[in-house]
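With the hints as constraints, model all of the structure from the sequences given.
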Amino acid sequence: MAMVLLVGLSVAVLGASYDISVKINLDEQTISGYEDVTCEPGGSHLYFLLLANLNREQNPYGSQRSIDSTYPSGFEPSSTTIDSVEIVQSGSSDAVTFRLLSIPPAWQTYSLDETVLAVDLPSNAPLTLRIHFTTSVPRMISGDQGIDQGVLTWRFGWNPLLLPPDQAWKEEDGTLQPPSDDFPLEIPAADYSAQITVPADVLLACGSDNSDTPSVSDDEEGKEVTYHISNDAPARTLAIAASKNYKRFTLDELSVPIEVYYLPGHEETARLFATYAIDILKDYVKRYGPYPRARLTIVENPNQQGLSMAADGIVWLSDLFFSHRNVTLPGILNRLSEFVLAHEIAHQWWGIGVGVDLNAENWLSEGMAQYLSITYFEEKYGEFGPNLFDTEGNGLLENFVTSQFGFMNLREHQVELPYIEQVMRGFDEAIIKPQKDVKYDNATAVRLYDKGYLVARAIASTIGKDVFQEGLHDSATEYMHKQITLAEYQKAMEKASGQSLSALFDAWLRDETTVDYSVKILSRKRDADKHETTVQVTRDGGMAQPVIIEAFMGKDKTLRKEWDGKENASTLTFTTVDRVNRVTIDPDHLLPDRDRLNNNDPIKFFTVTS
Numbered sequence: 001m002a003m004v005l006l007v008g009l010s011v012a013v014l015g016a017s018y019d020i021s022v023k024i025n026l027d028e029q030t031i032s033g034y035e036d037v038t039c040e041p042g043g044s045h046l047y048f049l050l051l052a053n054l055n056r057e058q059n060p061y062g063s064q065r066s067i068d069s070t071y072p073s074g075f076e077p078s079s080t081t082i083d084s085v086e087i088v089q090s091g092s093s094d095a096v097t098f099r100l101l102s103i104p105p106a107w108q109t110y111s112l113d114e115t116v117l118a119v120d121l122p123s124n125a126p127l128t129l130r131i132h133f134t135t136s137v138p139r140m141i142s143g144d145q146g147i148d149q150g151v152l153t154w155r156f157g158w159n160p161l162l163l164p165p166d167q168a169w170k171e172e173d174g175t176l177q178p179p180s181d182d183f184p185l186e187i188p189a190a191d192y193s194a195q196i197t198v199p200a201d202v203l204l205a206c207g208s209d210n211s212d213t214p215s216v217s218d219d220e221e222g223k224e225v226t227y228h229i230s231n232d233a234p235a236r237t238l239a240i241a242a243s244k245n246y247k248r249f250t251l252d253e254l255s256v257p258i259e260v261y262y263l264p265g266h267e268e269t270a271r272l273f274a275t276y277a278i279d280i281l282k283d284y285v286k287r288y289g290p291y292p293r294a295r296l297t298i299v300e301n302p303n304q305q306g307l308s309m310a311a312d313g314i315v316w317l318s319d320l321f322f323s324h325r326n327v328t329l330p331g332i333l334n335r336l337s338e339f340v341l342a343h344e345i346a347h348q349w350w351g352i353g354v355g356v357d358l359n360a361e362n363w364l365s366e367g368m369a370q371y372l373s374i375t376y377f378e379e380k381y382g383e384f385g386p387n388l389f390d391t392e393g394n395g396l397l398e399n400f401v402t403s404q405f406g407f408m409n410l411r412e413h414q415v416e417l418p419y420i421e422q423v424m425r426g427f428d429e430a431i432i433k434p435q436k437d438v439k440y441d442n443a444t445a446v447r448l449y450d451k452g453y454l455v456a457r458a459i460a461s462t463i464g465k466d467v468f469q470e471g472l473h474d475s476a477t478e479y480m481h482k483q484i485t486l487a488e489y490q491k492a493m494e495k496a497s498g499q500s501l502s503a504l505f506d507a508w509l510r511d512e513t514t515v516d517y518s519v520k521i522l523s524r525k526r527d528a529d530k531h532e533t534t535v536q537v538t539r540d541g542g543m544a545q546p547v548i549i550e551a552f553m554g555k556d557k558t559l560r561k562e563w564d565g566k567e568n569a570s571t572l573t574f575t576t577v578d579r580v581n582r583v584t585i586d587p588d589h590l591l592p593d594r595d596r597l598n599n600n601d602p603i604k605f606f607t608v609t610s
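Residues in the sequence shown are numbered from 1 upward in steps of one, following the working numbering.
Be a bit skeptical, because a hint or two may be false.
What the hints assert, rightly or not - Restraint ranges, calculated between C-beta atoms of paired labels, are given here:
no., residue 1, residue 2, range
1, Asp390, Asp506, 39 to 47 Å
2, Ile278, Thr571, 46 to 54 Å
3, Thr485, Gln414, 38 to 46 Å
4, Pro602, Ser73, 56 to 64 Å
5, Pro264, Glu224, 19 to 27 Å
6, Asp511, Gly306, 27 to 35 Å
7, Ile67, Ser93, 50 to 58 Å
8, Asp506, Thr571, 26 to 34 Å
9, Pro290, Met543, 34 to 42 Å
10, Pro290, Glu488, 16 to 24 Å
11, Gln414, Glu488, 25 to 33 Å
12, Ile67, Ser230, 36 to 44 Å
Unchecked claim - With a straight-line Cα cutoff of 16 Å, these simulated EDC-like cross-link-like pairs (lysine to aspartate or glutamate) come out:
no., residue 1, residue 2
13, Lys439, Glu512
14, Lys495, Glu512
15, Lys433, Glu512
16, Lys561, Glu550
17, Lys495, Asp474
18, Lys491, Glu470
19, Lys561, Glu532
20, Lys465, Asp588
21, Lys566, Glu488
FYI, nobody ran anything at the bench for these hints, they're computed from the structure.
Don't be surprised by glycine CBs; every beta carbon is placed ideally from N, CA and C.
Here is the structure:
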């Protein structure tokens with residue numbers, strides 16, 4: 001779930017409600033109108049984050065080449081301008097004073113001015129504020145918070161976002177300081193409804209439970225249509241996408257209706273992705289509890305970088321998966337597309353449905369989404385062996401692709417290998433830490449997604465996969481539309497498993513821990529009709545965790561033993577009828593081993609070309 005927000009600022013609040021009335025003008029690149037925010041102030045001020053103003057200034061540290069690659073027409077600022085603020089009550093409105101403040105540097109050190117709206121209140125009684133604003137949308141190809149090829153996409157913060165009024169915000173020299181240095185980056189849920197007006201030839205996709213399909217007349221008065229949007233449950237944002245080029249495919253007769261917004265020429269792929277979504281939702285509901293929204297919206301995003309993302313009730317897939325799905329071979333990207341879709345849908349449970357601290361504990365979002373999606377993928381296509389590309393057929397091109405890429409396994413090559421390479425390069429660090437303490441930002445994605453998945457897999461192997469699934473199910477049920485911390489997540493897993501997991505969580509999540517397991521055949525002995533094979537197993541780093549050692553005698557002939565891993569080294573003896581041809585430690589890849597080459601003796605080789 002790609003996201004850029006600010007460390008130390010928690011936006012929105014459960015108990016608040018937004019009723020938004022805006023008009024989208026793609027030609028003028030604006031979203032303009034007002035929002036009514038109803039809440040109970042905690043004092044004489046309310047503060048709102050103006051997220052768009054973080055890109056009002058060009059990054060002074062970026063190269064011109066980098067700027068040009070993001071802004072094809074040259075740098076264009078994004079901004080939210082506040083026109084007026086009123087208190088609405090009993091059918092009348094009274095203007096109130098407001099000020100614009102800065103935020104302290106966290107993720108960035110530029111474009112920090114006028115990023116907070118401060119509203120001065122006459123009292124701390126419950127009220128409704130009406131904020132008139134205009135958000136300018138730049139032309140940029142980042143995939144979010146901009147217009148690309150005529151497609152407007154904006155997930156979080158195109159409207160002023162309420163900062164929790166019950167917190168002790170401090171104003172210092174025109175800057176809004178968070179209540180504490182370790183204040184979490186959270187997006188608590190709120191009630192959202194909206195009326196969004198667009199030109200009649202523009203199709204609007206929105207992450208919401210309910211959106212009518214407005215009728216469009218051909219007369220002079222029919223140039224604009226208004227969508228009336230509402231939600232059945234709290235949401236963390238009201239995400240939107242709009243374009244004259246969008247087409248729409250729907251599956252309305254399902255328990256969870258699915259709709260896909262796609263660009264011209266991609267209807268076949270839209271229909272395919274809708275069927276994938278049916279399978280994914282069915283699997284997730286069975287494992288992790290009810291889908292938290294009333295419908296699922298899938299949107300094609302014009303970015304060609306593979307960027308995909310999620311918000312409440314809506315997911316975006318990169319145009320790459322639509323336009324290149326059949327490049328080289330028909331359906332060559334089908335399975336990869338399905339996995340990415342499964343990852344983004346998983347956020348409806350973790351990261352969006354269950355809120356987390358996106359600053360220090362984003363593993364609870366990305367690590368869990370990886371676990372859900374890879375588990376789904378491997379249940380369908382198998383855990384081991386080639387499973388990433390489906391290269392059926394016996395033509396020249398099929399044989400070539402199979403010889404070059406047919407060996408690829410999703411988990412081993414797209415998750416484990418990047419993690420191993422990161423450790424080898426010295427970029428590994430603890431998963432749970434605030435952004436300000438991250439040493440290698442270039443390795444953040446691997447740390448949260450890949451290492452994050454491997455650690456989740458290790459936790460599951462320790463307490464049992466079914467028990468881990470039960471913990472995920474119960475946590476999602478308890479914390480849906482709320483926030484969960486790592487401590488609460490750990491407590492839920494300990495409750496499900498009936499054991500303390502402090503050492504495991506401390507080692508693999510809070511500390512910079514790596515481990516290397518190895519196995520070596522020390523001796524062989526044949527006595528009459530049996531073979532005795534003595535092996536040495538070692539653990540370098542990590543913590544005491546049970547690990548499986550497997551002796552392989554031939555096809556369908558294996559023997560397994562468990563080593564408790566309490567010592568750094570130990571010996572085991574296998575007594576078998578047939579000669580042991582190979583021994584393997586951690587054959588199911590359940591632990592985050594930093595070196596898989598020494599997991600087999602003799603070393604295991606595969607021929608991947610022929």
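Status of each hint after checking the structure:
The supplied range of 39 to 47 Å is met by aspartate 390 and aspartate 506, whose beta-carbon atoms lie about 41 Å from each other. The hinted range of 46 to 54 Å is satisfied by isoleucine 278 and threonine 571, whose Cβ atoms lie roughly 51 Å apart. Against the hinted window of 38 to 46 Å, the Cβ-Cβ separation of threonine 485 and glutamine 414 comes to about 29 Å, which falls outside the hint. For proline 602 and serine 73, the Cβ-Cβ distance of about 59 Å falls inside the hinted range of 56 to 64 Å, so the restraint holds.
Judged by the Cβ atoms, the range 19 to 27 Å given for proline 264 and glutamate 224 holds: they are separated by roughly 23 Å. The given range of 27 to 35 Å is respected by aspartate 511 and glycine 306, whose C-beta atoms sit roughly 32 Å from each other. Under the hint 50 to 58 Å, the C-beta atoms of isoleucine 67 and serine 93, about 42 Å apart, miss the expected range. The hinted window of 26 to 34 Å between aspartate 506 and threonine 571 holds, with their beta carbons roughly 29 Å apart.
Taken as a hint, the range 34 to 42 Å holds for the pair proline 290 and methionine 543, whose Cβ atoms sit roughly 36 Å apart. The hinted window of 16 to 24 Å between proline 290 and glutamate 488 holds, with their beta carbons roughly 20 Å apart. With their beta carbons about 30 Å apart, glutamine 414 and glutamate 488 fall inside the hinted range of 25 to 33 Å. The hinted window of 36 to 44 Å between isoleucine 67 and serine 230 holds, with their beta carbons roughly 39 Å apart.
Between lysine 439 and glutamate 512 the CA atoms are separated by roughly 12 Å; this keeps the pair inside 16 Å, and the hint holds. Distance restraint check for lysine 495 and glutamate 512: the Cα-Cα separation of roughly 26 Å exceeds the 16 Å cut-off, and the hinted pair is therefore not satisfied. Between lysine 433 and glutamate 512 the alpha-carbon distance is near 11 Å, which keeps this suggested pair within the 16 Å criterion. Restraint check for lysine 561 and glutamate 550: satisfied, since their Cα atoms lie roughly 6 Å apart, inside the 16 Å limit.
Distance restraint check for lysine 495 and aspartate 474: the Cα-Cα separation of roughly 10 Å lies within the 16 Å cut-off, and the hinted pair is therefore satisfied. Straight-line distance between C-alpha atoms of lysine 491 and glutamate 470 comes to about 13 Å, which keeps the hinted pair within the 16 Å bound. Using a Cα cut-off of 16 Å, the hinted pair lysine 561 and glutamate 532 holds, with the two alpha carbons roughly 14 Å apart. The suggested pairing of lysine 465 with aspartate 588 holds, with an alpha-carbon distance near 13 Å, which does not exceed 16 Å.
For the suggested pair lysine 566 and glutamate 488, the alpha carbons sit about 28 Å apart, so the restraint of at most 16 Å is broken.
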